[in-house]
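A.B. asks: If you're matching them up, the sequences are chains A and B in order.
The first sequence begins at 297 in our numbering and counts up by one.
The second sequence begins at 182 in our numbering and counts up by one.
Short derived list, chain A residues pointing at chain B, Cβ under 8 Å: (1) 382; (2) 467; (3) 473; (4) 476; (5) 487; (6) 488.
Interface residues of chain A toward chain B, partial, derived using beta-carbon atoms under 8 Å: (7) 359; (8) 363; (9) 449; (10) 470; (11) 484.
Simulated from the structure, these hints should not be mistaken for laboratory data.
Note that this is a predicted model, so its numbers are computed, not measured.
For glycine and all other residues, C-beta sits at the position ideal for the given N, C-alpha and C.
Below are the chains, spelled out letter by letter.
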Amino acid sequence: MKIKGIAVVAFFVAALFAANMAWAGNIVIKGSTTVLPIAQKVSEAYMKQNPDVKISISGGGSGNGMKALIDGSTDIADSSRFIKGKEVSLAVKKGVYPVPFAVAYDCIVPVVHPSNSMVNITMAQLKDIYMGKVKNWKEIGGPDRPVVVISRDTSSGTYEVWAKKVMQKERVYPGALLQASNGAVSQAVAKNKNAIGYIGVGYMSKDVKPLMVNRVVGSAATTLNGTYPISRPLFMFTPGWPKGDVLNFINFVMNPEKGQKYVAEAGYVPLY
Amino acid sequence: MSSKQTGKKRQSREKTIRFVFFGVALASITTLFLIALFLFAEGIPIFKSVSVTDFVFGKYWYPTDDPAEFGILPLILASIAVTVVSSAISIPLGVLTAFYLAEGASARVREWVKPIVELLAALPSVVIGFFGMVIVAPVLQDLLNIPTGLNLFNASLMLAFMSIPTICSLSEDAIFSVPGELKEASLALGATHWETIARVIFPASISGICTAVILGMSRAMGETMVVLMVAGGAAMIPTSLFDPVRPMPASIAAEMAEAPFQSEHYYALFATAIILFLFTLAFNVIAEQISHRYRQVGAATL
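Can you make the complete structure from the sequences, with help from the hints?
C.D. replies: Right, dumping it as C-alpha cells:
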C-alpha cells in the first residue's frame, strides 16, 4: 500500500520534470508597463508562428524588470529607460552582462481638457508650468482658469523622460498631482477642465486634447525625424548576448515586417 | 488495564492537540515577526545616507533626483491630516449610528440596518477609490469651485466611508453588551431614556467605543488604494482642506514597483513603511491600553 503510494508520487514527480523538459522553449519577459503592450502583441504573434515556444509576460515596472534581470529570473527585461549605472555594477557583480535592444520609440505628448482653447505650447512654458510658476492659463494665452498640474510618479520611466527633456534639472514643484499610470493621468485630465498632464502617444484618446510643442505635433513622423522634442527609445534587455529562442524572439521584434508592425498597433512609434 | 490505556491515549491526544494549537499560534506570530524584521532590515540602510531627523522632518520628497532628497514630512502630515479629517466625519456618524442601532431602533430595523452597515466594510477599497475619483471629484470641483477634486477632503470622505462600518459595528457590540441591570436600574430610579444613555450606557461602554474608534482610525491611516486614487498625490505640506496630498501608503504603493532594487529610493520606501508601521502600532497599543484600563468587569465596577 505504502510502496504503491510512493511509486505514484515518484511517477508524478517524474512526469513534472518531463513536462518541464518539454517546455524548454520558455521565454520569460518582465518589466516596464510602457513596453508591456508591445511585448504582449509581439509575443502573441510569435507564439502563433512558433507553437512550441511559450512566452510568459508580466509588467511591474522598469525597475522590477532590471531586478529580475540581475537575479536571473527573467530572459528579457523590458525597460522604458536605459539601464542605470548602479544596476550595471550590481549586475556585473552577479556575473550578468545586460545587453540593450532599442525596440521602439515612445513619444510623450502634453494633454489638456478638450474645452481648453490652447493649441500650442513651448518647452519653456511647459517648464514654467511644471515648476509651479504659471498659476493661471491666461498667463500663457489660455482661458482664465487656474492651472492644475498633473505629473507621473517620480519613479516612472515617463516621468524620467519628462524631467530630462522638459524640466532640464529643475524640479517639478511639490504641488503637482502625481498619478500612477498613463491611464490615470488621462482620466484625471479628462475629468478636470483646469488640468494639464502628459501621456504616451499610444494612450491618446478623444477625452483629452493634445498640445503641439514648439509648433510640432507629436506623432510617429516627427518622433523619427527628430523634430518632436519629447520622445525616447524603449528597450528590451537580455542577460548577455541572446541565444536560441530568445535570439529568435528579439530578431522577430526588430523585423520591420513582423514585430515592428505590432509596435505601431500597440500605439508606439516603430523603428523604421 | 484497558481503562488505564484509554487514559493514556486521551492524555497523549490532549498533548497533541495542545501542541498543534501552539504551533498554529506560533506560526502567525512568527510570520508577523519576520515581516517586521524584514521591514526593518530593508529600511534601516537609508539612515546611512540620510539622518533620521532629515528623513522624518525633511520637507522635500524627490527620491529620483540627483542628488536625491528623502524628506517625508509632507507624507507624514498628509497621513495624519487624512486620518484626522476622516475621523471627524466617521466618528460621529459611526458612534451615533451605533447608539441608534443599540438603543433607539426597533429589533426589526436593527436586523436590517446592521448587516447593511457591515456590508459597507465588504466594499473593495478600489471600488470606493474609483467612486471617489470618477464621481465625487468632478462634483466637488464644480460645487466648491476648487482647482481639483482629487484632494485631502475627498480622500478623507472616502476613508470615512471605509472606517464607519468598523467603528459602528464594534461600538454597537460594546453598547449592546452593557449589562441590562444597569439600564433597568437607571430607568427604575426615574431617569429618562436619554439620561440613561448619556450617563449610564455611554460611560459603561466607553472603552469598547474608544477601541472601535482607534481601530477605525488605524484602518484609515493604513488604507492604500483609496488614497492612491483619490488624494491627488502631491508631496506638499497641506495648507487647506482642498489641497492635493500624498499620504505614506500611496507613496509606497506608487513608487515601489519602479524603485531600483536595493537602491536608496528602495530603502527610503521601506523606511517610510517603518514609520507607517510605528503609527499603526501606536494606535493598536493605545486601543489595547484603553480597553484594558477601562474594561468593565461585571456590573459592579461602574
